[in-house]
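Since chain A is already given, all that's left is putting chain B on it; use the hints.
If you're matching them up, the sequences are chains A and B in order.
Note that the first sequence covers residues 1 to 745 in the working numbering.
Note that the second sequence covers residues 1001 to 1161 in the working numbering.
These are calculated hints, taken from the structure and not from any lab test.
Heads up, a few of these hints could be off.
Estimated spans, in silico, between C-beta atoms of each pair [claimed, not checked]: (1) B:1024 / A:625: 51 to 61 Å; (2) B:1082 / A:657: 20 to 30 Å; (3) B:1082 / A:406: 30 to 40 Å.
Cβ coordinates follow ideal geometry from the N, Cα and C atoms, glycine included.
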Amino acid sequence: MDMNEIKEIFFQECEEQLAELESGLLKLNDGDRDPETVNAVFRAVHSIKGGAGAFGLEELVAFAHVFETTLDCVRSNKLEPNQDVLKVMLKSADVLADLVTCSRDGGSVEESRTRGLVKELEALANGEAPPAAEAPKAAKPAAAAPVAKPTDDSGFQPIPFTFDGFGEEEDVIEQFTYEVTFKPTRELYSKGNEAALLLRDLSRLGEMSIACDIDQLPALESIDPEASYFGWKISITTPKSEDEVRAVFEFAEWDCELEVKPSEASADEELPMIPVPFDLSSLDDEPVETVQPQAETAAKASVPEATSSVAKAVNAAVEKKESAAAAAAAAAAQNNPAAAASSAGQTIRVDLDRVDRLINLVGELVINQAMLSQSVVENDTNGTSAVNMGLEELQQLTREIQDSVMAIRAQPVKPVFQRMSRIVREVADMVGKQIRLVTEGENTEVDKTVIDKIAEPLTHMIRNAVDHGIESPEKREAAGKDPEGTIKLSAKHRSGRILIELIDDGGGINRERVKQKAIDNDLISPDANLSDEEIDNLIFAPGFSTADKISDISGRGVGMDVVKRSIQALGGRISISSRPGLGSTFTMSLPLTLAVLDGMVVTVAGQTLVVPLTAIVETLQPEASAIHSFGSNQRLISIRNSFCPLVDVGRILNFRANQANPVDGVALLVESEGGGQRALMVDAIQGQRQVVIKSLEANYTHVPGIAAATILGDGRVALILDVDAVVGASRGQSLKPEMSLAAAG
Amino acid sequence: MSVSYAVKSLSHGARELIAFRIGDQEFCVNIMSVREIRGWTQATPMPHAPPYVMGVINLRGAVLPIIDMSARLGMKVAEPTARHVIIVAQVKSKVVGLLVEAVSDILTITEDNIQPVPEVSSDLEKQYARGILAIDTRMICLIELDALFPEKAHDKESEAA
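Next up, chain A with everything else stripped away, as it sits in the complex (with noise of 0.2 Å):
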């Protein structure tokens, strides 16, 4: 693993502790007074500095350490947290979220803002402590190197980061000795710490001697290579408090016993212990190569590991064990202590693409077992055969395995959503409205390729809401309501689809004004009938933007169409409510995967096709009463006493020359996003299934009319159905037939 790979994995978590960080905020801000709150507020900074500190990523390591000391002393309650420290602190985590992302990416945060923000936050924190000292200039600690704690009662006291500058001070200060036990357990390597490190780190705050426990060290052969089975004894004498002495272990000390207790006497007799030579300053340059020789003299590999060298120790100890399983241990060991400290769940990173190369297969599964079973029933009349029940749970099982991947990629929308909330922060202070963001079921689960597509289009219609949807403040007052707006993001589970509420307790949607907009934009004809519900939809209508005047923030001529189309490229729908002065809602209803989708399989001009399920509303078998002919060559056909046209799905994707005779088929009543119901005529229904969504594009072409392909049991490719561009064909809108592959000739 190379420094970029740890780098990379630093900016991960940095992702997860801002995460942490900006929620921990905004339960503050909720009343929460709860110090464990305030503790993961103040541990998400820590480890964010902690880790820049360890890649000299100075600029980061300055602001986290400032904000960090202000948060300090809401720790210690010598600063309340109330709205206008709050107001600071949110806005502080944005820039450090900033600044984490210039670091990563490049580029740089505005020094104005930064200082700016600095100057506030020492201004917070000197309400009562002592000013900060500039920001710490040595930042190389070792990755795992914790940082000095402030604990001290007297306020906060900046420690300066530079090691090298405790020892000069002892003569000043009057020196303790302190016995201190130390027993790593397993946990403490497996997430990546190392107790070489952690005494030389020790070794820095004063004068001490070390010996080593091997009581428990095992015979070679029954040594488990990833165990702990060294403890160690050391007296120390240092300047500093044991506070600080036991700061050394700050991160290690749920996966270690340890004891630090002032001495009294001379500690030598006490236990029998073996001296061990432990030559510290070899281990300053390179931690991790300078271990691996030592712990293989010691007892080959009995000695834990660094967290990089976990993968190889297992490897040399356990002979040919599968690259696979010493990848997970090592992916496990990345596990960063303090992550794994904050969050209860135990989880561990896996690349996506193996993930997805897990689903594909899976897939592949499926099919091939439901090709299996097919071959089987055809051959097996009997149907009671230990083969075909056999199959049967062979089914059950391939079914629960696919649920099981497909929960695999599964996410909270919560990161979306606490985006959302810096969003609403930062366009609500441009535009000066006073808004607050409600967001509800956040840990509704959906795919992540959901969640990754659903961002933009959500920040798009935020940005809306605070800039066009809520009023100004004197407005709202004028009309009686709360100066400050809310805007509600809501997320749950509705037959398996998620839906996404956006709702807003601004002026709602002033139609005239829309409608007057959609006249100028000859988007309708002025003496076009519309209703109200019809009038909102407007504003999904490509071209259309109502801002008076451009600005900054929305209302670039790519608006709400946008919106709508990356929705709908998710297999979603949007719609909009809207009651004038009251405020909008707009509703979003996405599928929870784009892997697999519940279709029905239907024959159309022989021709096997599937029809999303989600799009049908009801099937019917028409009789020849019920068709009517309309016009020169439309047919609808009544249903409950109105009348719906009709679509011939096997004349539309130009299966076949001539329309069907409707009493020879079934109708699938569908609801399309353009509005309005269709029957789309299929020959026969042959069943509902779950199927595989596979890409069309990947070697061929977007196919109008069709949404994907799948494969079906008997091993052949069939044609997922897209219903709005039929239904929007049978409108009149052409399904252009493109040129495929190549133009002929």
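For chain B alone, coordinates are given in the frame of chain A:
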């Protein structure tokens, strides 16, 4: 991909080609672009496809378009039988199946064996034919697959998608 190979192999001289038969004519393509050769399986027709796209088949989980080479090269539309074969070939970033009547040979040739294409009136032939080989008494036309399926058309369409 195959272009760069062709350029590289020019210096070495020798190159390998796969020859196949359509009707009474023989063609060949660079072996480096061929992934595998498999038997004909029924393809699922695509709506609004040009006549030379026979449809798509399942190639171990991937959706593979099948091109009727006979129709693509301007001859009559093939009526595939169990004896037809599909040459699975990589054309730029995509994998396509080429339906041909039979694979006849693997040829190892040098640049000297390749004769220039004679002046013919048809644009189609000019577009894809890169040379003519005389092997014994047979005449085999060397085809440039990339020219037959220009990537540009793909890109435009997949962007539009």
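Status of each hint after checking the structure:
1. Checked against the given bound of 51 to 61 Å, the beta carbons of residue 1024 of chain B and residue 625 of chain A, roughly 58 Å apart, stay inside it.
2. The hint said 20 to 30 Å for the Cβ distance between residue 1082 of chain B and residue 657 of chain A, and at roughly 29 Å that hint holds.
3. The beta-carbon spacing between residue 1082 of chain B and residue 406 of chain A, approximately 39 Å, falls within the hinted interval of 30 to 40 Å.
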